[in-house]
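Trainee: Working from the sequences, and respecting the hints, build out all of it.
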Amino acid sequence: MVRYFIKKLITLVVLLLLVSITVFSVLYVLPGDPAQIILGLNATEETLANLRAELGLDRSFWVQYLGWIGDILSGKGSWSINYDMPVYDLILSRLAVTGPLALMAMLIGIVISVPLGIYAARHQNRPGDMIVMFFTQLGLATPEFWLGILLILLFAVKLGLFSAGGFPGWSVDVWGSLKALLLPAFALGVIRASILTRLTRSSMLDVLREDYVRTARAKGLRERSVVYVHALKNALVPVLTILGLQLGQLLAGAIIIENVYYLPGLGRLVFQAIGQRDLPVVREIVLFMAAAVIIVNFLVDMAYASIDPRIRLE
Amino acid sequence: MEENLLEIEDLSVHFHTPEGIGRAVDHVSLSIAKGETLGLVGESGCGKSVTSLSILGLIPSPPGRIHSGHIYFDGKDLRSMGENALRHVRGRDISMIFQEPMTSLNPVLPIGRQVAEPLMVHHRISRQAALEEAVQWLNRVKIPAPEKRLHEYPHQLSGGMRQRVMIAMAMVCRPRLLIADEPTTALDVSIQSQILSLMEGLRHETGMSLLLITHDLGVVAQMAKRVVVMYAGQVVEVAGLQDLFERPFHPYTQGLLKSIPRLGSRAAGKKERLKEIKGTVPSLLDPVSGCKFADRCPRVFDVCRERQPELEAIRDGQQARCWKTQFSERSGRYA
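Chains as they are written, first to last, in the numbering used here: chain A, 294 to 607; chain B, 1075 to 1409.
Simulated restraints, written as ranges between beta carbons of each label pair:
#1 PRO461(A) / GLY1156(B): 53 to 63 Å
#2 GLN1202(B) / LYS301(A): 28 to 38 Å
#3 ARG603(A) / GLU1221(B): 15 to 25 Å
#4 GLU1384(B) / ILE424(A): 44 to 54 Å
#5 GLU1380(B) / GLN430(A): 46 to 56 Å
#6 LYS1352(B) / ARG419(A): 36 to 46 Å
#7 LEU311(A) / PRO1092(B): 45 to 55 Å
#8 ARG419(A) / ASP1148(B): 26 to 36 Å
No farther apart than 30 Å at their CA atoms in a straight line, the calculated lysine-lysine pairs in the DSSO-like style are these:
#9 LYS1150(B) / LYS1299(B)
#10 LYS1398(B) / LYS1352(B)
#11 LYS1222(B) / LYS300(A)
#12 LYS1222(B) / LYS526(A)
#13 LYS301(A) / LYS1222(B)
#14 LYS1349(B) / LYS1332(B)
#15 LYS1352(B) / LYS1299(B)
#16 LYS369(A) / LYS301(A)
#17 LYS1332(B) / LYS1299(B)
The following residues of chain B were derived to be distant from chain A, with all beta-carbon distances above 12 Å:
#18 SER1142
#19 ASP1290
#20 LYS1352
For the record, the hints were derived by calculation from the structure and aren't laboratory data. Note that CB positions come from ideal geometry on N, CA and C, so glycine has one too.
Mentor: Okay, here's the thing in structure tokens:
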């Protein structure tokens, strides 16, 4: 287990390093001069040069990169041109929206999909299974922004149970904030649940055909323990993979759904920052998004090991 | 005559497939006495595994379904039992071990737990007590350092060790009938005889009955006193071990015996080619009006293709499903 952990940890660090270099160099070669953006089109050549020197833009690529990565590692980070505040604080304040949103969406997705997938697998080709397959097909074909709009129409406009969008902020109104995240989380969760249900079903179907499931039945175990202990533990491994990918993506910001619900999340931040050519913000958020995916996958790898001894004891 | 522990009467199992109904088991009857070892022999696909799985109601359904027949265990009809009552028979009165020890153990659960599980379910004892008994059983099936093995996983054991674990798991509740479905087929030859003598020892000790399913006549010769031969879902011959080897009646049984390589046949100057049975098993989907073996039979004559023979007695303890029973070669050795 320790060896596996260390191996995965080294992979994690190397990956993060490569990602940081890629992100930095892509934005480095991109046209557009940050000094020009800050000072506007009427700035003189001299003031531009001064600002470039101040921002360190006149130095070589590697010096700039090392300076940037040093700032990030030391916890200083860069400074947003547009918001005039540390990018770190900006990300943290937006993560307070996107983080809970992603977790709620995943939770909804899991609660719906795992029991439904198991049910469908156990009733393969019978009416219950067909109904599940029909609705998951529908879920796969539904764009999440459209489902988001439908939910607003129903719960906010017609029934008046929820507000149609916006976010009061955790420090202002905890319950109201939670409520504001519920509809978008549901829209995201239901769509993700469609894939996860189908995956759980097919994985469970494979496992239920395994010899060891027959052995478990031959021992006289209750059907419940056969399915939920002997089969499920084996069936979860592929489900976990997709779950990790989905969570990583959601943490990186659900750009569309945040726009539908006017949520001040990471997705909206990066969307606006690109429009405003706020390079330090874009750079750090892209790095953060990539890091979120990599770190969640690292956690998934650890979860694999806790489920499957063949990985753990390798 | 001893009392029969298991009696299968006229069992038919059908598989409903898009291509039609497959008659995997076709009116099979057999019985096992208390303490007896019965060998069930036949090539793959002849229905021997399906027969054994239907005893405990374990045929995959759908597509499989027991169409008709009775299975009596100790006088009780297992087929009329509810799922819950049958569950209490499984692993307690009747246990099974399977061919593939690699895939028959759950890869993500520790061995100790898997061996202890039947005890926890059927005897309702605590996990701790069950694990202690599991250690004793692992010891009895000669697994070295059983306390240490409890926490190991199947992939850490060799094939032979895994089959020992399977046997321990099947034995913990001291079943009265052990069904072993090709228990040694996946193992090295050197391990095979160890596993067989282990099972034989346990049978002797506990007085249980053993249903040994195999395609290997060598295994049968070593273990069984009585043998049932199946072909294409039907019982074609029932015989005592000695009769089976010395005067097999059914042409299929004779073919099976001829297809065993014999050591020294070359040295004896005979230089015989190994005989195989020509042709393949008929599809279980097509209804055959005559004898199912007719197309491959070296002794086939007209009536074989027209009507199906019944299982007829030849001598005490030997029966065969062949038209020859009605005609010339009724007595004497068939060459």
